[in-house]
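Colleague: Listed below are the residues making up each chain.
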Amino acid sequence: MFTDKIELRDFDKMDPEYKELLGHVLTIQADCEIGGPHLYVEKMLGAAPTKLDQLIVARTAAEEIDHYRKVARVAGHIGVDVSFVLSQPNEKRFIATFRGLINTWEDNAVFGFLIDRVGRYQLEEFYNCSYLPLQRILPDIVTEELGHIEYGFNKTLELIQSGDEGKEKAQRAVDFWYVRALDMFGRSGSKRSERYRYWGLKRRSNDQARQDYMNEVEPLLRHIGLKVPDPTKGRQYI
Amino acid sequence: MPQAVANLDQMDEHLEAVVRALYGAVKQGIPHVKEPQIVDKAIADCKEILDEIMAGKVDEWLN
Chain A
20 MFTDKIELRD FDKMDPEYKE LLGHVLTIQA DCEIGGPHLY VEKMLGAAPT KLDQLIVART
80 AAEEIDHYRK VARVAGHIGV DVSFVLSQPN EKRFIATFRG LINTWEDNAV FGFLIDRVGR
140 YQLEEFYNCS YLPLQRILPD IVTEELGHIE YGFNKTLELI QSGDEGKEKA QRAVDFWYVR
200 ALDMFGRSGS KRSERYRYWG LKRRSNDQAR QDYMNEVEPL LRHIGLKVPD PTKGRQYI
Chain B
463 MPQAVANLDQ MDEHLEAVVR ALYGAVKQGI PHVKEPQIVD KAIADCKEIL DEIMAGKVDE
523 WLN
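One line per chain: the protein sequences are A and B, in this order.
If you read the first sequence in this note's numbering, its first letter stands for residue 20, the second for the next number, and so on.
If you read the second sequence in this note's numbering, its first letter stands for residue 463, the second for the next number, and so on.
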């Protein structure tokens, strides 16, 4: 296992595999950061139920754009240009969850509750990682992601508390997004994931991170009166 | 040191300005959510800025 801590000035000396993996993971992270606003801004900025919610949609998008900027800067300094993700269509996003469009408020709420939470898990993988410029941008990004998750949770709860119709909408959205959230962690037993861990770029296996996520989310779903979807149904990666 | 990508600082500065403008518009609107003229203007400003970013015409941003 690689346990050194790397600064930008050390990057040229690193093994080609390390360079490739770091560039790859930064590209995916940048794509996910900008992929969120591309899913919800078009419809939700106008369709959010209140003016305050509309402004919060805009603020959330601003924060994600800023996260993209910070990741793109770290990538850019090692010669990896991620700017192409700013203009690529949603259908070409690296992670399937970001392909498409959010059309309903319940989907937007549950997206924050469940998918931004996966985002937090992905970022937490880099805690104490071997590449220090990446580690340094994490605290502010994670703090803002926590705000998105809390907002999504509260809006999901509001829907549930609005009555049977709202609860059904929330359950349908959870059924849709939960399996996508689980797939976002990637294949169990992934060889690439092992190499990330070897080089100190990630902490957990895909399977472990997914299990930790399920252990966190399932009690929350039950607590707010929703059913936990079958975690094996409709999955792309097991 | 590795060679940084071209226009990195320019892109960073542009996006930082975009984010600042969005925060500014949101900050204008939030205390006035019950005053349609002010809040609608703030939301329209956010939409204009976000539409440009979502369009993703990166070359135009840097020229």
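Hints listed in this document are in silico derivations from the structure and should not be mistaken for laboratory results.
Hints are not guaranteed to be accurate.
No more than 35 Å apart at the CA atoms, straight line, and that leaves these computed lysine-lysine pairs for DSBU-like [to be verified]:
1) Lys509(B) to Lys496(B)
2) Lys111(A) to Lys496(B)
3) Lys186(A) to Lys519(B)
4) Lys62(A) to Lys188(A)
5) Lys496(B) to Lys210(A)
6) Lys489(B) to Lys70(A)
Just so you know, these numbers come straight off a predicted model, no measurement behind them.
Colleague: For a C-alpha distance cap of 35 Å, please report whether Lys496(B) and Lys210(A) respect it.
Modeller: violated (54 Å)
Colleague: Quickly compare the C-alpha distance for Lys62(A) and Lys188(A) to 35 Å and report which way the hint goes.
Modeller: Within the cut-off at roughly 17 Å; holds.
Colleague: Quickly compare the C-alpha distance for Lys111(A) and Lys496(B) to 35 Å and report which way the hint goes.
Modeller: violated (40 Å)
Colleague: Please work out if Lys509(B) and Lys496(B) have their alpha carbons no farther apart than 35 Å.
Modeller: Holds: Lys509(B) and Lys496(B) sit about 19 Å apart, inside 35 Å.
Colleague: Do the alpha carbons of Lys186(A) and Lys519(B) lie within 35 Å of each other, as the hint requires?
Modeller: Given that 35 Å is the threshold and the Cα spacing comes to 40 Å, the pair is violated.
Colleague: Are the Cα positions of Lys489(B) and Lys70(A) separated by 35 Å at most?
Modeller: The given pair, whose Cα atoms are some 13 Å apart, holds under the 35 Å limit.
When held up to the earlier numbered hints, the structure conflicts with 2, 3 and 5 and fits the remainder.
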